[in-house]
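> One-letter residues, chain by chain:
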Amino acid sequence: MLGKLDWSAIPFDQPIPLVAGAMVLVAILGVLAWVVVKGHLPYLWHEWITSVDHKRIGVMYVLLASVMFLRGGSDAIMMRIQQSVAYQSQGYLPPEHYNQIFSAHGTIMIFFVAMPFVIGLMNLVVPLQLGVRDVAFPTLNSVGFWLTATGALLVNISLVVGEFARTGWLAFPPLSGLTYSPGVGVDYYAWSLQISGVGTLVAGINLVTTVLKLRTKGMNYLRMPMFCWTTLASNLLIVAAFPILTATLAMLLLDRYLGFHFFTNEAGGNVMMFMNLIWAWGHPEVYILVLPAFGIFSEVVSTFSGKPLFGYRSMVLATMAICVISFMVWLHHFFTMGAGPDVNAIFGIASMIIAVPTGVKIYNWLFTMYGGRIRFTTPMLWSVGFMVTFITGGLTGVLVAVPPADFLLHNSLFLVAHFHHVIIGGVLFGAFAGFTYWFPKAFGFRLEEAWGKAAFWFTFIGFYVTFLPLYTAGLLGMTRRLQHYDVAAWRPWMHVAAIGMGLLCVAVVCQITQLVVSIRNREALRDRTGDPWDGRSLEWATSSPPPVFNFAFHPDVRGEDAYWAMKQHAKEQQLEHHPEPEYEDIEMPRNSPTGFVCAFFASVMGFALIWHIWWMVILGVLGAFATFVVFAWRDHDEYVIPAAEVARIDRVNVEERRSLVSMAGGV
Amino acid sequence: MSDQAHVPTGHDLAPGEEEQHSVGERILGYVVGLVLALLLTATSFFIAGTDLVWQPSIPVALIVLAIAQMGVHLVFFLHITTGPDNTNNVLALAFGLLIVFLVVGGTVWIMSHLNQNMPPMDQFIRMHS
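The listed protein sequences correspond, in order, to chains A and B.
Under the UniProt record's numbering, the first residue of the first sequence is numbered 1, with each subsequent residue one higher.
Under the UniProt record's numbering, the first residue of the second sequence is numbered 1, with each subsequent residue one higher.
Source of the hints: derived by calculation from the structure; they are not laboratory data.
The reader is advised that the hints may include incorrect statements.
Here are the computed lysine to any residue pairs in the SDA-like style, where the Cα-Cα straight-line distance is at most 20 Å [stated by the list, open to error]:
| hint | chain 1 | residue 1 | chain 2 | residue 2 |
| --- | --- | --- | --- | --- |
| 1 | A | LYS4 | A | TRP614 |
| 2 | A | LYS453 | A | ILE519 |
| 3 | A | LYS213 | B | THR87 |
| 4 | A | LYS4 | A | LYS217 |
| 5 | A | LYS453 | A | LEU515 |
| 6 | A | LYS217 | A | ARG558 |
| 7 | A | LYS453 | A | VAL465 |
| 8 | A | LYS213 | A | PHE551 |
| 9 | A | LYS213 | B | ALA61 |
| 10 | A | LYS213 | B | ILE27 |
| 11 | A | LYS213 | B | PHE46 |
| 12 | A | LYS213 | B | GLN116 |
| 13 | A | LYS217 | B | ASN88 |
| 14 | A | LYS213 | B | VAL53 |
| 15 | A | LYS213 | B | ASN89 |
| 16 | A | LYS213 | A | MET588 |
| 17 | A | LYS213 | B | SER112 |
| 18 | A | LYS4 | A | LEU178 |
| 19 | A | LYS213 | B | THR82 |
| 20 | A | LYS453 | A | VAL508 |
| 21 | A | LYS213 | B | ASN86 |
| 22 | A | LYS453 | A | THR513 |
| 23 | A | LYS213 | B | HIS79 |
| 24 | A | LYS213 | B | VAL90 |
| 25 | A | LYS213 | B | GLY83 |
| 26 | A | LYS213 | B | ALA94 |
| 27 | A | LYS453 | A | PHE551 |
| 28 | A | LYS213 | B | PHE95 |
| 29 | A | LYS213 | B | GLY96 |
Please model the complete structure; the sequences and the hints are all you need to start from.
Structure follows, in structure tokens:
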């Protein structure tokens, strides 16, 4: 009846996951109870859960990423403590638990923190920057978000029901095959990634279509803000690369469920094919994450230097070059697999070549700052911190791209230090920069600068204290994923790394405090004009938070930095009185529970597949399919916002802006 | 959705969208496509079983016919043309082809190099027997 599921699945003998799970459960039930008692449930359902508004979906993506960041961060804390105490002892984490923790840490941080964070920011900002009212496929967008949430849910369920993979974040066979991983851990891993992978692919298709097909009047490709370009490149990579991941995991699942032999050692299987395929997805994935971050830095640097982006066209070219070259380097993840010098040399050279367009970007940001009037706000601090960190991290990357050096450094802590260096320094700093930069746009008030700066400095210093020791330990021969070790020389470095982890924890506390303090002081921090940073692109041309329709009129774009030009124009002719334009009715897509219901059935299906509960699998598949059929047969998919309502909402913002312009004129 | 669909953002058509042609013209296009596709399919089956041609040329012939088949589908059913209204579609197709070429070609190359650093297996076996 319940397949492999019985009471032995709950790890009663392991207090850590059980207590953590119980705490999370209490927290979730507490929040739910509060929501129901306060009567917020209808609001939550109508305004958020069923919302197809790209801004709300973007906010929910970022919220999901933030919550999962705490989970992945807890894993990191546990690992650093383990390695600092496990010298000639077992530490406090038994091996099978430690193995689950490092696997979950990697999986969560990439798939459920970095991915939703950047997709959330793209969702929130790109339609606003393009000057349009919504994304190309609003309901599909909601489906994509909720499927990602399903994946995250399954990973978290594995904490208390069963186990998670013990195979590392990419689950290499034969270890992840049925022979060596007979439990449900790898199944949790694979099904949660399959389901959230569909969500990611859907988000990618949606954003590519939005950028290509929905742009306001005059918004040519070469007038788009840089963030839109990096969004396009990143989502093209999603569309091209994620099917490879899906196919590879599907083959692994066939091996595990139906006795196939794609990646087994016997019957003609080849485990090396898994490495090859997973990295053919895995390397583009790196750029899927970092390209949007490059876009965020471009926006931030240009805004806070008060200058247009230096070398806009070279930046576009560099972005698209990275988009293509990122598909030519994947072998550098397995130089030691046994390929000959021809193959290794070609992929080594390609890996070094891809550093060139990245270098171009660094110079572009530096020259944008050069001669500008720089304001060192929190987003700008993250950007400058990124440049320093990413250059050094990138250089260690060029180092491991040299095959002979890689033979020494492969799978050592040097490699671990390298990819944390570029992912934290690139993607995480970018996500935080974008978070602080666009927070006022999403919620209508700025974040407290002092706490933001404290969070930056603790993260910046904490990062170096944590990860520079790992380079040294790696050069001293320490391999990754060690549960305990007997080499005295590694020990001090592990202690230093643990101290760095403490600094990073302080940084997280600063971030949370910043959010709490800012919400309490929101009246003082209110952004009334919709343009708190003196911005340059169209997202600042509407109010904060933007009305559901984003723009009462489609902005007319006449060049790069569209909003900057509009502001200059307005200042020049401030004394003229503009007659109020004629407002028109606006049609917007209706909210739909399709995404949520579909993800509910996908969760049922995923859980049932993991535990081999076949009747429940059928239930889940039928439910999800029926949801789609109901959606496809709907009669009314849009509603009309009457012109009077549009006018009422827009006039408030126009008044605020007019007073700003006249004030600026008076000075 | 909604009225953004009417915002002019340059002229190009999504796959499946068509320019204004009369019904007759469109049916003719589909019929020509269908006939060509059937012809190519039939030829493939015929060639695979025949001994009228030089045997080693059969795989090459099948590959050529398969590529022609793809071309027929793209032109007559997916309406990919070289016109200016089709730039996005052609670029997307080119990008897809490039990625498929890189991943498939790269994989074949990498996997054929897999045992480069191993001693040749036949020598190894002879040495130890």
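> Next, verify each hint and record whether it holds.
Hint check:
1. LYS4(A) to TRP614(A): holds, 11 Å
2. LYS453(A) to ILE519(A): holds, 17 Å
3. LYS213(A) to THR87(B): Judged against 20 Å, a Cα distance of about 12 Å means the pair holds.
4. LYS4(A) to LYS217(A): violated, 58 Å
5. LYS453(A) to LEU515(A): With a Cα-Cα distance of about 13 Å, the restraint between LYS453(A) and LEU515(A) holds, given a limit of 20 Å.
6. LYS217(A) to ARG558(A): holds, 9 Å
7. LYS453(A) to VAL465(A): Judged against 20 Å, a Cα distance of about 18 Å means the pair holds.
8. LYS213(A) to PHE551(A): Given pair LYS213(A), PHE551(A) holds - Cα atoms ~18 Å apart, limit 20 Å.
9. LYS213(A) to ALA61(B): violated, 40 Å
10. LYS213(A) to ILE27(B): This hinted pair is violated, its Cα atoms lying about 28 Å apart.
11. LYS213(A) to PHE46(B): Judged against 20 Å, a Cα distance of about 44 Å means the pair is violated.
12. LYS213(A) to GLN116(B): Roughly 48 Å separates the two Cα atoms, so the pair is violated.
13. LYS217(A) to ASN88(B): holds, 18 Å
14. LYS213(A) to VAL53(B): violated, 50 Å
15. LYS213(A) to ASN89(B): holds, 12 Å
16. LYS213(A) to MET588(A): With Cα atoms ~17 Å apart, LYS213(A) and MET588(A) stay inside 20 Å; holds.
17. LYS213(A) to SER112(B): violated, 42 Å
18. LYS4(A) to LEU178(A): The given pair, whose Cα atoms are some 15 Å apart, holds under the 20 Å limit.
19. LYS213(A) to THR82(B): holds, 19 Å
20. LYS453(A) to VAL508(A): Between LYS453(A) and VAL508(A) the Cα gap is close to 12 Å, so the pair holds against 20 Å.
21. LYS213(A) to ASN86(B): Given pair LYS213(A), ASN86(B) holds - Cα atoms ~13 Å apart, limit 20 Å.
22. LYS453(A) to THR513(A): Answer holds: LYS453(A) to THR513(A) is near 12 Å, not above 20 Å.
23. LYS213(A) to HIS79(B): holds, 18 Å
24. LYS213(A) to VAL90(B): Answer holds: LYS213(A) to VAL90(B) is near 15 Å, not above 20 Å.
25. LYS213(A) to GLY83(B): holds, 17 Å
26. LYS213(A) to ALA94(B): holds, 18 Å
27. LYS453(A) to PHE551(A): Roughly 33 Å between the alpha carbons, so the hint for LYS453(A) and PHE551(A) is violated.
28. LYS213(A) to PHE95(B): OK: LYS213(A) and PHE95(B) at ~17 Å, within 20 Å.
29. LYS213(A) to GLY96(B): Holds, because 19 Å separates the two Cα atoms, which is no more than 20 Å.
Of the numbered hints stated above, those contradicted by the structure are hints 4, 9, 10, 11, 12, 14, 17, 27, listed in ascending order.
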